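Q: As a plain string of letters, each chain reads:
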Amino acid sequence: MIIRIDEYSDVPIYMQIRNQIVMGISSGELKPGEQLPTVRALALEIGINTMTVSKTYQLLKQEGYIMTDRKNGARVRENITQSGVMSEENKTELRRIVSEARLSGVGKDVLKKLIDEFY
Amino acid sequence: MTWLIKVIMFVCIVPSAILMYMLGFSGNPGKKKMIFGVRDNPKFHEGKGQEKFDAIVSSARKGGLIITAIVVILSIVMLFLPVTGGTLLAWILLVFALFLVAAPYGKGNMELKNLKKELGITKSGVTYTDLKNTNTVHALKLAWIILPNVLALLGTIAAVLTDFGVFGVTPAVEKYALTIMSLSFLFIAAIIIPIAVMMDNTRNMVISRDSSINANYSRAKKKTWADMFIAMSWANALYLIANNVLMFFTDSEAAVLISTLGYTAVIMVVVIIGVINQRQVESRYARDTELELQDDDDNWILGMFYYNPNDTRLNVEKRLGYGATVNFAHPAGKVIGIVSAIILIGSLILIIYLSFTGQLAV
Numbered sequence: 001m002i003i004r005i006d007e008y009s010d011v012p013i014y015m016q017i018r019n020q021i022v023m024g025i026s027s028g029e030l031k032p033g034e035q036l037p038t039v040r041a042l043a044l045e046i047g048i049n050t051m052t053v054s055k056t057y058q059l060l061k062q063e064g065y066i067m068t069d070r071k072n073g074a075r076v077r078e079n080i081t082q083s084g085v086m087s088e089e090n091k092t093e094l095r096r097i098v099s100e101a102r103l104s105g106v107g108k109d110v111l112k113k114l115i116d117e118f119y
Numbered sequence: 001m002t003w004l005i006k007v008i009m010f011v012c013i014v015p016s017a018i019l020m021y022m023l024g025f026s027g028n029p030g031k032k033k034m035i036f037g038v039r040d041n042p043k044f045h046e047g048k049g050q051e052k053f054d055a056i057v058s059s060a061r062k063g064g065l066i067i068t069a070i071v072v073i074l075s076i077v078m079l080f081l082p083v084t085g086g087t088l089l090a091w092i093l094l095v096f097a098l099f100l101v102a103a104p105y106g107k108g109n110m111e112l113k114n115l116k117k118e119l120g121i122t123k124s125g126v127t128y129t130d131l132k133n134t135n136t137v138h139a140l141k142l143a144w145i146i147l148p149n150v151l152a153l154l155g156t157i158a159a160v161l162t163d164f165g166v167f168g169v170t171p172a173v174e175k176y177a178l179t180i181m182s183l184s185f186l187f188i189a190a191i192i193i194p195i196a197v198m199m200d201n202t203r204n205m206v207i208s209r210d211s212s213i214n215a216n217y218s219r220a221k222k223k224t225w226a227d228m229f230i231a232m233s234w235a236n237a238l239y240l241i242a243n244n245v246l247m248f249f250t251d252s253e254a255a256v257l258i259s260t261l262g263y264t265a266v267i268m269v270v271v272i273i274g275v276i277n278q279r280q281v282e283s284r285y286a287r288d289t290e291l292e293l294q295d296d297d298d299n300w301i302l303g304m305f306y307y308n309p310n311d312t313r314l315n316v317e318k319r320l321g322y323g324a325t326v327n328f329a330h331p332a333g334k335v336i337g338i339v340s341a342i343i344l345i346g347s348l349i350l351i352i353y354l355s356f357t358g359q360l361a362v
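These protein sequence lines are chains A and U, in that order. Under the working numbering, the first residue of the first sequence carries the number 1, and numbering increases by one thereafter. Under the working numbering, the first residue of the second sequence carries the number 1, and numbering increases by one thereafter.
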């Protein structure tokens, strides 16, 4: 799986990595139980501070997407808890995207098609 | 006998100058990913951009060619001059003059960076990392590089023990000559190992969305580096041992110089084969390259020295030539940079001083 880091993005780097790992898990690019690189290895590879990667892993662990332990490092969780509820943050983000799409003249059907494609 | 000194210097300088010209001043600048350490851009090949680009490239190539030709011609002329303290200094200065071949490269780099600004080419600032290959792609088998260097160490220990009379035999050469010669080549061995390890640990390149292509590309590149350093280590170790044996039985300087010439030729061949292999890897994977690499041209001073305080990596792939260089913004990189500069400038001053005080003699 390829991670793309944009240095000039408003989104912090730890969040960019987090978002792409979540997308990777969702799309199946990262399989349940798959080993993730160590904090040090990933930080060295991207050329960023180990604290940034550590922050990403802690966040992903908190959110229940990965599990970490001293022996095996970080792995994608086998069974990710499915609450069936969308977080308020994501709802707000979705509302922003829908609003921007409507203002740009993008039709509801196009949006639905995109959702079908990404889901 | 002094003609051998001239031949050795000639063999060291001329192929190095030609190799530097070939590496820095490519024949097809529009078809390469990098031109003088600046990432190629489609805007360089449109209208006025193309005109300016061609002018910059042609001027830099011309400059490189002139300096290379001067170094080669001077080396040929020096072959016909007698070896004195003065000409020996001139030979050594010619070695330092090799760095001048890179000067037009640096000039081309600055001019292309200015052209980028003029054409409004903005930085993309995007880095790709392959999650599946992180820290997993290596090609250097440590045992293969440690083994020849252990042999070199054993050869050195044998030389030291012989010189100190532990074996009760006396070598043909003067006292401590074996030790000095062996320690010099052991020093080279000690430098080769960390460089080989450093190059094997460079960041894996991401050229495709396919992880296996990225892994194979990085592995192929690292394999050519690893092979080159292993071959160098073996050449170094075998030369050290062969030279010790030679110096033990004969004090003929001609024999030692001939073997040194052979050693230099072997190292040159190893480097040339390494460069050819690297080029083959690049051309083999050219069609698989689908991701645009990060535009970090501004972090490359003159296209040669990497200085990026926001990058925590110590070693990065070179832009001039093949292999790896250090990030001079990294604390260890700063130390390496300062030490290298002191050694380089210090040895130049020392050589000039020895020459002017008449101590640089043949």
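It is possible that some hints are incorrect.
Calculated lysine-lysine pairs in the DSBU-like style (CA-CA distance at most 30 angstroms, straight line) [claimed, not checked]: (1) U:31 to U:48; (2) U:223 to U:117; (3) U:141 to A:71; (4) U:334 to A:55; (5) U:132 to A:61; (6) U:43 to U:141; (7) U:132 to U:48; (8) U:52 to U:62; (9) U:318 to U:107; (10) A:31 to U:52; (11) U:43 to A:55; (12) A:71 to U:132; (13) A:31 to A:61; (14) U:33 to U:223; (15) U:43 to U:32; (16) A:31 to A:71; (17) U:117 to U:107; (18) U:33 to U:43.
Quick caveat, the hints were computed from the structure, so don't treat them as lab data. Owing to the predicted nature of the structure, the values given are computational and were not obtained by experimental measurement.
Q: So, for every hint listed, does it hold in this structure?
A: Tested hints:
A hinted pair counts as satisfied when its Cα atoms are at most 30 angstroms apart, and residue 31 (chain U) with residue 48 (chain U) qualifies at roughly 18 angstroms. The hinted pair formed by residue 223 (chain U) and residue 117 (chain U) fails the criterion: a straight-line CA distance of about 38 angstroms is larger than 30 angstroms. Only pairs whose Cα atoms come within 30 angstroms are accepted, and residue 141 (chain U) paired with residue 71 (chain A) is accepted, the gap being roughly 26 angstroms. Between residue 334 (chain U) and residue 55 (chain A), the direct Cα distance comes to roughly 29 angstroms. Compliance with the 30 angstroms bound is thereby established for this hinted pair.
With a C-alpha separation of about 19 angstroms, the suggested pair residue 132 (chain U) and residue 61 (chain A) falls inside the 30 angstroms cut-off, and the hint holds. Taken as a hint, the residue 43 (chain U) and residue 141 (chain U) pair is broken in the structure, with Cα atoms around 43 angstroms apart against an allowance of 30 angstroms. Restraint check for residue 132 (chain U) and residue 48 (chain U): the C-alpha separation of about 43 angstroms exceeds 30 angstroms, so the hint is violated. For the hint pairing residue 52 (chain U) with residue 62 (chain U), the CA-to-CA distance comes to about 15 angstroms; that is within 30 angstroms, so the pair holds.
In summary, the hint linking residue 318 (chain U) to residue 107 (chain U) is supported, as the alpha carbons are separated by about 17 angstroms, within the 30 angstroms threshold. For the suggested pair residue 31 (chain A) and residue 52 (chain U), the alpha carbons sit about 50 angstroms apart, so the restraint of at most 30 angstroms is broken. For a cut-off of 30 angstroms, the pair hint linking residue 43 (chain U) to residue 55 (chain A) is broken: about 39 angstroms separates their Cα positions. A C-alpha spacing of about 19 angstroms is found between residue 71 (chain A) and residue 132 (chain U), which places the hinted pair at or below 30 angstroms, so the restraint holds.
In summary, the hint linking residue 31 (chain A) to residue 61 (chain A) is supported, as the alpha carbons are separated by about 16 angstroms, within the 30 angstroms threshold. Between the alpha carbons of residue 33 (chain U) and residue 223 (chain U) the distance comes to roughly 21 angstroms, so the proposed pair stays at or under 30 angstroms and holds. This hinted pair checks out: residue 43 (chain U) and residue 32 (chain U) have alpha carbons roughly 14 angstroms apart, not beyond 30 angstroms. Of the supplied pair hints, the one linking residue 31 (chain A) and residue 71 (chain A) holds, its CA atoms being roughly 20 angstroms apart against a limit of 30 angstroms.
For the suggested pair residue 117 (chain U) and residue 107 (chain U), the alpha carbons sit about 16 angstroms apart, so the restraint of at most 30 angstroms is met. This hinted pair checks out: residue 33 (chain U) and residue 43 (chain U) have alpha carbons roughly 14 angstroms apart, not beyond 30 angstroms.
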